[in-house]
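Using the hints provided, position chain Z relative to the given structure of chain X.
So you can see what is in the structure, the chains are spelled out below.
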Amino acid sequence: MDRSEKNKAYWRKNLQYLAILLSIWFITSYLCSIVFVEQLDKIRFGGYRLGFYFAQQASIWIFVELIFVYTWLMNRLEKKYRTDTETEETEQP
Amino acid sequence: MNVQTWTFVMVGLSFALYIGIAIWSKARSTGDFYVAGSNVHPLVNGMATAADWMSAASFISMAGLISFMGRDGSVYLLGWTGGYVLLALLLAPYLRKFGKYTVPDFVGDRYYSHVARIVAVVCAIFVSFTYVAGQMRGVGIVFSRFLNVNIEVGVLIGMGIVFFYAVLGGMKGITYTQVAQYCVLIFAFLVPAIFISILITGNVIPQLGLMGKVADGSGLYLLDRLNGLNEELGFNLYTDGSKSTIDVFFITAALMLGTAGLPHVIIRFYTVRKASEARISAGWALLFIAILYTTAPAVAAFARTNLLKTVRYEQNGELKDIRYEDVPSWFKNWEATGLIKFEDKNEDGAVQYRGPKSEIENELTIDRDIMVLANPEIAKLPNWIVGLVAAGGLAAALSTAAGLLLVISTAIAHDLLKGTIMPTLEEKQELNAARIAAGVAVCIAGYFGINPPGFVGQVVAFAFGLAASSFFPAIVMGIFSKRMNKEGAVSGMIVGITFTAAYIIYFKFISPELNTPDHWLWGISPEGIGTLGMVLNFIVSLSVSALTAPPPDDVQALVDDIRIP
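Going down the list, the sequences are from chains X and Z. Last residue of the first sequence: 500 (my numbering), numbering continuous. Last residue of the second sequence: 574 (my numbering), numbering continuous.
Chain X on its own, in the form it takes in the complex (with noise of 0.2 Å):
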């Protein structure tokens, strides 16, 4: 693969990334937290309704583990297509 191929398949499965993560992102915090709120607090574990807990406890850390999976993905991607303009990257302001 030429130089651009290979930038383009990197652009591609970055997008696949995105698109997987925001989805999960977006079922957390939009359908679990908001919409779907009173169903799911029909559902009781301790003193917990699952709704309530998640608005206000699970997303938040669900918010945090989807940065760290994305970044250990893509450095994973990175290092599969690493190109010569990392080194010159950090000499740059």
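Just so you know, not all the hints are guaranteed correct.
Below 20 Å or equal to it, Euclidean Cα-Cα: the simulated SDA-like pairs (lysine to any residue) are [what the hints assert, rightly or not]:
no., chain 1, residue 1, chain 2, residue 2
1, Z, Lys491, X, Leu425
2, X, Lys420, Z, Tyr103
3, Z, Lys491, X, Ala416
Not everything, but these chain X residues come out facing chain Z in the computed CB check (under 7 Å) [to be verified]:
no., residue
4, Trp418
5, Leu425
6, Ala426
Don't read these hints as lab results, they were simulated from the structure. Just so it is clear, CB atoms sit at the ideal spot from N, CA and C, and this is done for glycine as well.
This is chain Z only, laid out in the frame that chain X set:
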């Protein structure tokens, strides 16, 4: 030692620490001043970002708001954290790869247009001033309540400290003081939360205490107990919402999109070495933020329980309203500041605290802002903790104020002077201009802190709405659409801002009496309208750019370049 002595000790020690760091980290170049030389470790930057982000509103007001709003308070918890996912996935790494110093830099270069750059500069300055006035007011409140100095003196002391390290150290000084401020504020937030959690639920971890049982032998879960107390006094159930689903949806989205578009947050990601570090740094930032944001709902529930149990106590198996002569000392202390108001409407000498569903008239008004500050006193915690909370509130307010002042000074010295008016400016002159701009901005912020414009609360909706409807779409399309051109981006920003601003101004300033769900467009409040503004921005930008010429080749090459690793 009494509360006041402890407060002096805690606040004094923390201020000495900030000044020491400022002297150690003086800025020597514009690169140091704007982006701390771009060699901050991602974890350190994450901590600084967390302090930058968590303002007086997060530290002082948020738990109080949730405490009164119950489930509706989730809009702040979700809205002020979820934006970091967008930042880390869609913006920060690419902006870092693009390099340079500011958001207007990117907008101006990507859209090859001075108009776009100036729109971005004006938005950045407006949003930052809106925010900074609120921080200075927070400083004033803490000083006047805990140190018995008047608000003016409090604001002046706060200004002096910020002036010292922001003007001297620029972004470099701010970064390392923010790290110290994060440590102070998170410690000050967690210590009382843990103490109160042990008192109420017997659990050391507040997040677990929130889902646990009350330790009063009743065997009830905390949230059920709280629902019971709320219901008995005629309030909504704590775990139920009263806002409509569509409004909660739109407000949450506007806060998230606004977070991702706020210049003082974005600018922090220019301080790390490369794009991959910007990603992980956003992860660290959100982790440090999450520690406070998951504790806040627990603090909110504990505070509400304590408050209701204080005003409505049980005697011989019978529930009674507290008599005014029996109220605890914190009640009288806060009453003196005007933030607690009691009016004995039925003249029976007892304090009736009642909700909207009760048949008895409510006699007690409690300002939401005092819940966190009064919490340690309500729970009868030792005096040193009260002093610590005061130092934490100041750390939260000062760290955010400093970050905002830097955006203002950068926007003026770099984007306006060097970028548009006087491109021949030498580095040394630019650095001096940035210092002077920071100094002037501190003074203006202080003025607004002492004479707060009555509309500070309302303009926060503005800040997020504008960031969501202007910056966010312009930057995202600049990265993800190669076809997006100057015409599309500028017309989109103008339509987005005009629509959002007009809606907010109409309901907040022109006809505040119409500001009810019946009159809102599709039931969306002014706080959530930025989301619709963003959708409009996207639609207009994409249609206009499809009908006009594609951007020049060098701009398309620029987009290709920021996308590759």
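*Give me the numbers of the hints this structure contradicts, sorted from smallest to largest.*
6
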